[in-house]
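With the sequences and hints as input, model every part of the structure.
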Amino acid sequence: MKSEVILKQPEVSHKVLRVSPELPSKLIELGATKFYRCFNCGNCTAICPLTEGKVSYPRKLIRYSLLGLEDRILSSAEPWLCYYCGECSDYCPRDAEPGSFMMALRRYLTTKYDWTGLSRLLYFSKKVEVIAIMILAAIVGLLIYFLHGPIVLDRVELETFAPIHIVDTAGLAVFFILATLLITNIYRMYRYVMRDDQGRRIKIPLKFLITDFIKTVPLHFFTQMKFRLCKVWNWINHLIIVYGYAAAFILFVPLLRFTQTNEPFLLVNPLSILGILSTIALIYGASVAIHGRVKKSQPMWRYSHSTDWMFILLLLVTVVTGILVGIFRLIGLPLATYITYSIHLMIVAPFLILEVPFAKWSHLAYRPFAIYFAGLKERFLASRGVMYV
Amino acid sequence: MEKPKMALYWCASCGGCEEAVVDLAEKILDVINLVDIVFWPVAVDFKIDDVEKLPDGSIVASLINGGVRLSEHEHVVKLLRRKSKIVVAYGACSSWGGIPGLANLYDKEEILKYVYGDAPSVDNPGGVRPREKHVEEVELELPSFLPRLLPLDVVIDVDYYIPGCPPTPEVTWKALEILLSGNLPPKGSVLGASDRALCYECPLNNTKPDKILLKDIKRPHQVIVDPEKCLLTQELICLGPVTRGGCGALCIKAAMPCTGCFGSLDEVIDYGGKAVSYFASILDYYTEEDVERILDRLPDPMGVFYRYTLPASRLRGKIKTTMR
Amino acid sequence: MSKPVLVIGGGIAGIQAALDLADQGIQVYLVEKSPSIGGRMAQLDKTFPTLDCASCILTPKMVSVARHNNIKLLTYSEVIEVSGRAGDFNVKILKKPRYVEEENCIGCGECVAKCPSRVPDEFNLKMSNRKAIYFPFPQAVPLKATIDKEHCLFFTKGVCRVCERFCPTKAINFEQQPKTIELNVAAIIIATGYDLIDPSLAPLYGYGKYQNVYTSLEFERLVSSTGPTNGEIIRRSDGKHPKSIAFIQCVCSRDVKINPNCSAFCCMASVKEAILAKEHLGDVDCTIFYMDLRAFGKGYQEFYKRAMEEFNIKFIKAKPAKIEEKPETKNLLITYEEQVTGVKRVLEVDMVVLAVGVKPVYPEAISLEKNEDGWVKLRNPYLDPVSTSIEGVYIIGVAAGAKDIPDSVTQAGAAAVKASILAWGGG
Amino acid sequence: MEQPRIGVYICHCGVNIAGTVNVREVVEYAKNLPNVVEAKDYVFMCSAPGQEIIREDIKKCQLNRVVVAACSPTMHEHTFRTVLAEAGLNPYLLEMANIREHCSWVHTDKVAATEKAKKLVEIAVAKASTLEPLEEIEFKVNENLLIVGGGVAGMTAALDSARRGFRVYLVEKKPILGGNTARLGRLAGTDMRGVDVAGSMIEYVKRNGMITTLTNTELVSVDGSVGNFKVTLLKKPTYVNEKCTKCGECVKVCPVEVPNEYEFGLTKRKAIYLPSPASYASTYVIDGENCTKCGECVKICPVNAINLEEESERIEIYVGAVIAACGYDPYEPSVGEYGYGLSNKVITLFQLNRLLDPEGPTNGELKIDGFVPRSIAFIMCVGSLNTTPNSYPYCSRMCCSSTLKDILLLKEKYPNIDVYVIYKDMRTYGRDEQLYLTACEKFVKFARFREAPKVSVTGESLEVTFFEETLGEEISIPVDLVVLAVGMKPPKDVEKIRTILKVGCGPEGFLKEAHLKLRPVEAVTDGVYLAGAVTGPKNVVESITSGSAAASKAVGLLCREKVRIEPTIASIREELCSGCGICVSVCPYGAIIIQIKENTRSAKVEPALCKGCGVCAASCPSGAAQQLKYKDIQLKAQILAATYKR
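Protein chains in written order, with numbering that gives the first Met the number 0: chain A, 0 to 388; chain B, 0 to 323; chain C, 0 to 426; chain D, 0 to 645.
Treat the hints as calculated values from the structure; they're not laboratory data.
Among the hints, erroneous ones may be present.
[Said to hold, decoys possible] Some chain C residues judged to face chain D by a derived CB distance under 10 Å, without partners named:
no., residue
1, Thr49
2, Val111
3, Ala294
4, Asn379
5, Leu382
6, Ala411
7, Ala415
[Said to hold, decoys possible] Dumping the calculated DSSO-like pairs for lysine-lysine here, alpha-carbon to alpha-carbon at most 27 Å:
no., chain 1, residue 1, chain 2, residue 2
8, B, Lys214, D, Lys501
9, D, Lys495, B, Lys228
10, D, Lys109, C, Lys113
11, D, Lys630, B, Lys210
12, D, Lys139, C, Lys60
13, C, Lys113, A, Lys53
14, D, Lys596, B, Lys210
15, D, Lys410, C, Lys376
16, B, Lys210, D, Lys501
17, B, Lys214, D, Lys410
18, C, Lys239, C, Lys313
19, A, Lys33, D, Lys441
20, D, Lys610, B, Lys210
21, A, Lys53, C, Lys325
22, A, Lys53, C, Lys313
23, D, Lys412, A, Lys33
24, C, Lys45, C, Lys277
25, C, Lys321, A, Lys33
26, C, Lys32, C, Lys95
27, A, Lys295, C, Lys256
28, C, Lys60, D, Lys561
29, C, Lys256, D, Lys410
Owing to the predicted nature of the structure, the values given are computational and were not obtained by experimental measurement.
Note that CB positions come from ideal geometry on N, CA and C, so glycine has one too.
Structure (structure tokens):
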């Protein structure tokens with residue numbers, strides 16, 4: 000293969016990696032509770048349905064982490080390629096839980112990609128997490144308190160209570176802030192990943208950046224097809240949640256002006272049907288996750304970090320309050336509708352603001368981008384191989 | 000009474016054995032007094048015809064030195080066998096082939112090619128080789144070069160052996176005494192020498208340590224020998240332990256290791272084999288490299304261990320090598 | 000006068016303990032539950048690191064046991080009850096009926112030749128058949144035939160009795176009854192050895208599912224000249240010589256879910272087996288998958304080095320994750336991660352040998368105190384390394400912890416002298 | 000020699016032989032061989048009726064030689080020899096032809112196998128014709144036992160033998176018993192320390208009336224042979240007698256200061272010193288090598304316990320068996336090897352043991368220059384597995400487990416120390432695997448080296464750099480302390496011990512067992528047994544076990560009244576011997592000596608020491624040394640028969 004990527008000649012002297020002792024304990028806090036039991040057999044990597052060729056995890060990542068080789072961890076896109084089927088954990092002869100380690104590693108990387116530092120605070124402190132949610136909820140509550148429209152009590156007039164231009168503007172504002180944060184984080188991820196094993200930056204020509212992006216990101220974003228190789232049922236469940244969420248998001252953010260009206264809530268409305276379907280999908284997804292986490296029925300649910308619970312809880316409350324809003328509207332209870340609606344917003348806002356750029360939800364972007372970056376990087380490394388062999 | 004008749008003859012020999020007889024010095028007169036020498040080409044002018052005229056078995060003893068290398072030797076020793084009661088192989092060459100016997104490592108053609116052509120001192124542009132027939136005035140049949148040198152007992156029946164290269168006068172005299180005493184030992188015996196190995200009479204035998212283990216071997220020109228200390232322990236290949244005694248350890252007294260000219264003892268089947276076996280047993284080595292190093296010190300193992308006995312050995316003509 | 004000592008288990012450890020005691024002038028009862036002494040070592044082909052033939056060094060010891068005036072050999076017998084205390088144990092031994100009078104049987108083998116009933120041969124790990132009347136192996140001690148009641152046509156169907164007709168010394172006795180022997184002994188030495196852990200506990204290796212996956216003990220029989228194929232290494236699936244063999248270490252060992260311990264001898268046994276495969280077949284690729292090659296005994300590291308350098312055996316540091324069979328060739332695909340590069344690879348081989356870990360076998364009649372991992376608890380491993388928590392009861396060989404032959408033999412000597420002290424009333 | 004009258008007995012061995020060999024044909028063939036007067040076959044020659052046939056024939060046919068063609072002589076030579084003896088014939092007039100293992104078992108072609116069996120019988124008959132009667136040699140056994148080495152292996156052997164009722168001389172070259180184990184600190188899998196194990200053994204040894212302990216005593220020579228050894232010992236003075244109250248005044252005035260070998264050089268001691276901090280060290284001792292005899296200590300000693308005039312004493316004892324339990328020496332890295340000797344922050348595992356021992360130089364505090372290190376790297380296989388040019392090729396067996404044990408101890412005391420183990424293969428065999436798991440759980444970080452790591456010492460900082468195998472990357476670990484997990488090497492004086500005891504020695508220098516697998520505690524020399532790490536690296540438990548095992552073997556010998564030796568040994572014909580000494584040089588058992596009579600030398604075989612290996616016979620340049628029953632003429636007869644075509 001002809002080298003496609005132009006490179007600078009690397010220096011002859013190589014960088015010797017220096018071991019640092021801090022990293023492992025951080026990972027333990029993030030949920031890698033047993034990875035230090037690893038004795039290097041490689042069973043996990045070999046059994047993983049997704050590893051192939053140079054894409055090698057979890058063993059190597061465990062070793063990097065144990066020895067505190069942080070540069071190596073940061074430059075790895077691999078943690079995002081794992082969908083936590085748990086085969087590695089099931090067959091680990093040392094019970095080192097490589098799967099939960101990978102999960103912890105994703106949490107760790109999320110904190111590293113985030114430049115605000117908020118992510119780190121959220122992940123490392125339950126207190127901060129709770130306070131952050133409460134503050135955000137309070138802000139939303141105050142905003143509603145000061146900005147809400149007239150409260151019509153003889154019938155349900157949601158649009159009047161929450162004037163669409165305000166909610167919409169606020170929603171869009173939040174959306175853009177989140178998008179900005181997420182994009183900057185992805186850029187940081189790119190900077191971290193695109194380093195060779197000597198720590199040098201890898202420069203990828205724009206052409207490849209664009210073509211590869213088009214080829215990989217949308218596809219993986221919408222299909223998560225790698226997940227299919229991991230565990231089919233988990234993939235389907237996940238898709239249900241994703242699409243449920245996406246539908247809900249579309250319905251209640253960009254299409255809010257059609258969904259949040261003063262018109263009586265009609266079940267036959269196609270948007271309503273979509274809303275109900277998405278709600279069912281979310282309820283289903285959340286309950287599968289809760290059930291799984293309580294029962295610890297799959298390796299991926301065996302070790303739940305506090306942020307995992309928070310995520311599910313917020314999701315559940317969001318969905319439940321959303322449903323309640325619908326029901327109250329349907330049966331015509333104006334006050335109940337407005338209150339639950341307010342609560343709903345107070346939950347949704349922190350949920351989106353905290354989870355999307357700073358916590359668990361960010362994976363929706365990191366995963367497809369990781370595939371994209373890993374592909375680019377592999378191409379780069381392969382081309383370098385051609386250059387020097 | 001007529002004195003007993005005696006014959007002496009040399010085959011492929013350096014002449015040292017003839018010299019050894021003369022070395023009996025004044026004792027040679029005793030010999031002359033006791034026997035009537037009827038054939039001794041080197042010293043007395045008798046012809047083959049004279050021997051042929053003698054009745055069969057009329058010679059009491061023939062002392063033959065040198066190995067059988069030419070057809071002439073074969074002819075004469077067979078004649079002497081017929082005419083003699085006792086045939087004695089005199090000296091190492093006739094007993095086992097001796098140093099000329101090392102020629103058996105090469106085939107006849109190769110020897111001739113070298114001696115008459117390739118040897119650095121030879122100037123033979125015509126490439127003349129010895130002929131086996133000479134036709135000029137009369138047709139003469141000349142002695143031919145046999146394919147191999149043979150010890151005497153391969154060609155004829157031998158009664159006794161007197162070892163040495165050459166046998167020392169003492170050994171020769173003792174052997175003659177036995178022969179003349181009429182009190183003859185069993186056929187095949189070695190006359191005049193000892194029944195034990197040389198170490199037994201070696202003055203340095205008592206200087207040996209408990210265990211002799213050699214880390215290295217040396218050749219005599221590579222060391223300054225301590226004449227008061229067993230030569231073997233000085234890492235010289237001394238074949239005294241494997242060689243019949245009786246010489247009086249002459250070489251050792253001159254600070255040279257025994258080269259084995261008295262041959263093996265009665266119990267030993269193959270001198271060189273035994274010599275290698277004994278010597279290898281005391282080499283102290285652990286690794287392949289050690290073995291290589293030691294072997295490098297031995298440029299000519301055949302010449303060391305089979306110097307006098309190759310034609311009589313189990314190897315006989317089985318080992319061939321090429322001229323260096 | 001000394002009291003007798005009981006040794007349970009006639010493997011190499013039990014044999015050595017019995018011989019040591021007997022040499023010290025002590026009456027020994029050596030109880031073995033199978034028809035012959037010899038134990039696991041008798042099933043081995045050669046031994047590491049000297050490559051001594053196992054039966055060549057073991058058989059003379061077995062013969063010495065049979066010949067020793069101080070040893071009473073009780074084969075095909077089991078200890079069923081133990082009571083009393085150190086210096087004064089009362090032991091009940093059940094001598095199972097062989098249906099052959101030991102005094103009369105001269106081991107001629109006529110009966111075996113004529114017996115019509117074929118039974119899977121346990122000695123060859125069921126890879127071949129034996130008869131219902133049988134000798135476990137040719138060098139068995141005692142060389143007395145045994146009728147396997149479960150498979151004998153007379154016992155199962157009431158017909159046959161062919162052996163009885165052909166026996167030249169009228170040694171067959173279908174009426175033989177179990178006998179209980181009661182003994183009073185000063186000390187008991189347990190040398191009951193081991194079993195392999197069930198390899199199906201590691202299901203991804205496909206033992207039992209794929210024909211060409213063997214346990215190491217099966218492979219030992221396969222290379223052994225007295226084995227099912229007379230020492231020819233051939234595949235179960237097609238009877239062909241394998242061109243490549245992979246040996247996988249730590250199967251059911253060093254796995255916290257199955258057995259957290261290391262089985263101590265598998266590494267070297269596999270190195271030896273790979274060498275034997277090379278010696279038998281010449282052009283065969285041998286690969287050993289291992290995590291830590293535990294060549295810790297005397298001469299072991301040198302043996303390991305020899306395997307690499309002289310025999311060109313490949314060593315791969317990895318625990319393979321799974322083995323799959325190629326249906327058309329019945330070859331096996333081993334998936335593993337190469338440690339240095341982290342690359343996941345698949346190796347195709349013709350045969351796989353699993354170095355399966357071991358679990359101890361303990362006599363039921365004695366309730367031994369155990370550790371959490373199921374292995375016996377020692378009284379004081381330092382001051383009394385071969386004593387169980389019951390005074391006067393010693394434990395040696397693999398039953399006391401996975402170990403190789405020299406260590407088992409050493410423990411046998413140690414237990415012998417301790418028992419001997421008790422037998423002479425000291426202590 | 001009388002005319003041989005040979006009976007040939009051919010066994011069917013059931014179908015084992017008869018299935019492949021036509022036994023009748025062999026019988027007929029045998030009948031026509033020279034000197035054969037009778038030839039018979041039987042289904043099982045070894046059975047009682049088979050034996051009876053031979054007994055009867057010996058009497059009836061006046062046989063004076065017997066050939067049995069059956070199985071391997073290792074199986075039944077003994078049986079048939081007994082038959083001959085019972086019939087009044089010398090048992091060594093038996094020759095066996097192995098037509099089972101050498102013929103029927105290894106062939107399938109019946110015709111060829113029968114021909115081979117005939118030839119094997121013919122060869123045996125030819126040899127039988129040359130056999131001579133031989134007499135077994137018997138010795139009375141001395142009931143005492145000598146044990147060389149007072150470590151745990153030696154003490155265990157001593158205690159077991161003494162408890163079994165035999166007098167034991169326990170010889171230790173150091174001034175105190177206990178060996179290396181006493182210095183090991185806490186042992187794996189127990190709360191006991193090495194010094195507790197050694198100490199309790201020392202107490203038992205002291206209390207046992209059957210054990211005579213000789214400390215500060217060296218082995219000078221051992222003569223004689225199995226059952227009857229004469230041992231010469233040299234007891235060196237300690238210059239201090241038992242009046243010593245351990246007041247320590249003498250130490251204060253002693254001007255000589257040398258490295259303290261008990262603490263592996265971590266501290267210094269005086270020329271008068273306490274050989275161990277343990278309570279069983281009951282007196283001070285003076286190290287004769289370093290003492291300048293200045294007399295200061297004598298002057299200050301309040302109880303007059305010191306006598307600088309004390310002399311060495313030669314002791315002669317007689318024993319029936321010897322156990323060599325001289326232990327091992329820890330491998331001492333050379334200066335610069337892994338930075339050892341370049342910084343006091345590079346120490347060996349043995350030194351770490353001392354630092355962790357409550358009775359050690361720091362009272363159990365791990366402090367280097369007054370600070371507890373924050374991070375430690377343990378480098379494995381130092382001195383083992385050929386990792387460095389100086390190191391040995393073997394694996395030292397105990398270092399992996401021992402290191403992990405130390406680390407767990409360390410982690411107990413200092414849970415926050417960051418510990419790295421840099422290893423090649425983690426050889427925690429057997430149940431020790433659990434130590435490895437526990438270490439992982441305690442967050443010990445393992446890294447695997449391919450080639451020996453480099454330790455760079457720059458000022459105060461240490462850095463261990465190596466190619467990490469599991470990652471395929473070169474990494475470096477900055478640490479405050481490097482511990483070298485050194486292996487075991489043969490004890491310094493092993494060569495001397497080996498020469499005195501005439502036992503073999505492997506290329507690595509450890510003493511050699513008679514058989515690596517089945518005779519691990521016996522030396523090739525009869526009556527000499529080996530215990531503990533002197534045969535190769537062992538951990539404490541294994542050493543103790545082998546101590547008991549060696550005692551078992553020694554007791555087995557000592558409780559016999561007499562030892563009998565098969566007479567199939569070497570013999571030297573004095574009339575042919577030149578005293579060249581080659582046989583002495585090659586004899587692996589030291590069984591041949593040179594005797595000087597009237598100024599001439601000749602060799603003589605000591606029958607009790609000779610094992611009949613035949614090396615002397617093969618190397619004797621004069622043919623004077625012969626192996627009885629395998630003399631040259633006997634072998635020649637066999638060769639002639641083998642090559643003779645009928």
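Cross-check of the supplied hints:
1. Thr49: holds (6 Å)
2. Val111: holds (9 Å)
3. Ala294: holds (6 Å)
4. Asn379: Hint holds; C/Asn379 Cβ to chain D Cβ min 8 Å, cut 10 Å.
5. Leu382: Because about 6 Å separates C/Leu382 from the closest Cβ in chain D, which is inside the 10 Å limit, the hint holds.
6. Ala411: holds (7 Å)
7. Ala415: Constraint on C/Ala415 satisfied, holds at 5 Å.
8. B/Lys214 to D/Lys501: The hint holds at about 20 Å.
9. D/Lys495 to B/Lys228: With a Cα-Cα distance of about 26 Å, the restraint between D/Lys495 and B/Lys228 holds, given a limit of 27 Å.
10. D/Lys109 to C/Lys113: holds (21 Å)
11. D/Lys630 to B/Lys210: With Cα atoms ~24 Å apart, D/Lys630 and B/Lys210 stay inside 27 Å; holds.
12. D/Lys139 to C/Lys60: Distance ~26 Å between D/Lys139 and C/Lys60 Cα, so the pair holds.
13. C/Lys113 to A/Lys53: Outside the cut-off at roughly 63 Å; violated.
14. D/Lys596 to B/Lys210: Holds, at roughly 19 Å.
15. D/Lys410 to C/Lys376: At roughly 26 Å apart (the allowed maximum being 27 Å), C/Lys376 and D/Lys410 satisfy the hint.
16. B/Lys210 to D/Lys501: holds (13 Å)
17. B/Lys214 to D/Lys410: Not OK: B/Lys214 and D/Lys410 at ~52 Å, beyond 27 Å, violated.
18. C/Lys239 to C/Lys313: Given that 27 Å is the threshold and the Cα spacing comes to 22 Å, the pair holds.
19. A/Lys33 to D/Lys441: holds (11 Å)
20. D/Lys610 to B/Lys210: holds (19 Å)
21. A/Lys53 to C/Lys325: Cα-Cα ~25 Å, so holds.
22. A/Lys53 to C/Lys313: This hinted pair holds, its Cα atoms lying about 22 Å apart.
23. D/Lys412 to A/Lys33: holds (22 Å)
24. C/Lys45 to C/Lys277: Holds - the C-alpha atoms of C/Lys277 and C/Lys45 are around 13 Å apart, at most 27 Å.
25. C/Lys321 to A/Lys33: holds (23 Å)
26. C/Lys32 to C/Lys95: Answer holds: C/Lys32 to C/Lys95 is near 9 Å, not above 27 Å.
27. A/Lys295 to C/Lys256: Given pair A/Lys295, C/Lys256 holds - Cα atoms ~18 Å apart, limit 27 Å.
28. C/Lys60 to D/Lys561: Between C/Lys60 and D/Lys561 the Cα gap is close to 22 Å, so the pair holds against 27 Å.
29. C/Lys256 to D/Lys410: Answer holds: C/Lys256 to D/Lys410 is near 26 Å, not above 27 Å.
When each numbered hint is compared with the structure, violations occur for hints 13 and 17.
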